[in-house]
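> Sequence:
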Amino acid sequence: MKVALVYDRVNKWGGAESVLLALHDLWPEAPLYTSVYDKEATPWADVFDVRTSFLQKLPLPKTAHEYYPYLMGIAFESFDFDAYDLVISVTHEFAKAIITKPKTYHLCYCLNPVGYLWSGFHDYFLGKSDFFKAITAPLISYLRWYDGIVAQRPDQYLAISKTVQARIKKYYCRNSDVIYPPVNLSMEKTQKGGDKFFLIVSRLAAEKRLDLAIAAFNKLGWPLKIIGVGREGDRLKKKAKGNIKFLGHLTDGERNRYYKSCQAVIIPGVEDFNLVAVEAQSFGKPVVALNAGGVT
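Take 1 as the starting number for the sequence shown in the numbering used here and just add one per residue.
Because the hints were derived from the structure by calculation, they are not lab data.
Fair warning: there could be bad hints in the mix.
[What the hints assert, rightly or not] Subject to a maximum C-alpha distance of 30 Å in a straight line, what follows is the list of computed DSSO-like cross-link-like pairs (lysine-lysine):
hint, residue 1, residue 2
1, Lys170, Lys133
2, Lys245, Lys162
3, Lys239, Lys196
4, Lys241, Lys128
5, Lys196, Lys103
6, Lys245, Lys225
7, Lys219, Lys170
8, Lys128, Lys2
9, Lys260, Lys239
10, Lys39, Lys57
11, Lys237, Lys225
12, Lys196, Lys162
13, Lys12, Lys241
14, Lys237, Lys219
15, Lys238, Lys225
16, Lys2, Lys133
17, Lys169, Lys12
18, Lys196, Lys133
19, Lys196, Lys169
20, Lys12, Lys39
21, Lys57, Lys196
22, Lys237, Lys12
23, Lys237, Lys260
24, Lys260, Lys128
25, Lys57, Lys12
[To be verified] Here are the simulated distance ranges between beta carbons:
hint, residue 1, residue 2, range
26, Ser18, Val288, 21 to 27 Å
27, Pro59, Asp195, 42 to 48 Å
28, Met1, Gly127, 44 to 50 Å
29, Ser141, Gly248, 17 to 23 Å
30, Arg153, Ala41, 26 to 32 Å
31, Ser129, Tyr105, 27 to 33 Å
Glycine is no exception: its CB is placed at the ideal position from the N, C-alpha and C atoms.
Throw the hints in and build the complete structure from the sequences for me.
Next up, the structure:
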């Protein structure tokens, strides 16, 4: 059986990328189709035969894909999957837009319906100017229409959590089965009690609501350490007081040392699943999170 994998874009590391590596373990010969590929930023992808779309040749998409939302679906539609028996799209955006013939089975592992169009719309546009909202309104309307159409293309949906399963039903009117993502559970001994600091492990993105945690810890004065990078980094650092430290990108080993020694892990946003919550508990650490979304 010939298998191909499809992913929105290969330009970072996160929970979704660990799913791709797990699929690679099952089908090591499967190529990985994607819109854009930033090789320098993604050493984890060296094990794949990565095949990119025409967007790879345009300026900016590797690091600023948000400037080309109207082209993302077209990029995936341009791929030819006639040679494959099974295509697995791993997506929270438009990788599901691929077109397959009846002899090719399209299985979509949905990380979330497109966040900035649906469940995360208000978080994504939080703090944006009225002018920005006005000029993007027609584009959002078009993308919602388009997303609703391409969401009907997969033969079957799998969801990463019951929360995402409900969203798939609500926004796409599609049924799905839940298969939780793989998690590398620690068997290391943790530091009993932990140091007197709290920990966040997250991309620095608006939808992660790190601004809420920063506001709370600014008021409390308790030490908070934040592991992760992202487009909101500069804005969040300006808001943070001296008790909050940004550690940037860390290796797995470095991150695990902070897991072992922290007091607790904070997850301030509504998550689709959140691997961090499971990883933290594998170190015996409590998780402080909203009673909503995939964390529950």
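> Assess, step by step, whether the Cα of Lys245 is no farther than 30 Å from the Cα of Lys162, and give holds or violated.
violated (34 Å)
> Holds or violated: Lys238 and Lys225, Cα atoms, limit 30 Å.
holds (15 Å)
> Are the Cα positions of Lys219 and Lys170 separated by 30 Å at most?
Outside the cut-off at roughly 38 Å; violated.
> Decide if the proposed pair is consistent with the structure: Lys260 and Lys128, CA atoms, cutoff 30 Å inclusive.
violated (37 Å)
> With a cut-off of 30 Å on the C-alpha distance, tell me whether Lys2 and Lys133 pass.
Distance ~44 Å between Lys2 and Lys133 Cα, so the pair is violated.
> Could you grab the alpha-carbon distance between Lys245 and Lys225 and see if it respects the 30 Å cut-off?
holds (5 Å)
> Is Lys196 close enough to Lys169, meaning Cα to Cα at most 30 Å?
With a Cα-Cα distance of about 43 Å, the restraint between Lys196 and Lys169 is violated, given a limit of 30 Å.
> For the pair Ser18 and Val288, does the Cβ-Cβ distance stay inside 21 to 27 Å?
holds (23 Å)
> Going straight from one Cα to the other, do Lys12 and Lys39 come out at no more than 30 Å?
holds (10 Å)
> Is the straight-line distance between the alpha-carbon of Lys57 and that of Lys196 30 Å or less?
violated (48 Å)
> Assess, step by step, whether the Cα of Lys241 is no farther than 30 Å from the Cα of Lys128, and give holds or violated.
holds (23 Å)
> Against the 30 Å threshold, does the CA-CA distance of Lys12 and Lys241 hold or violate the hint?
Holds, at about 28 Å.
Consistency with the previously given hints fails for numbers 2, 5, 7, 8, 12, 16, 18, 19, 21, 24, 29, 31, ordered from lowest to highest.
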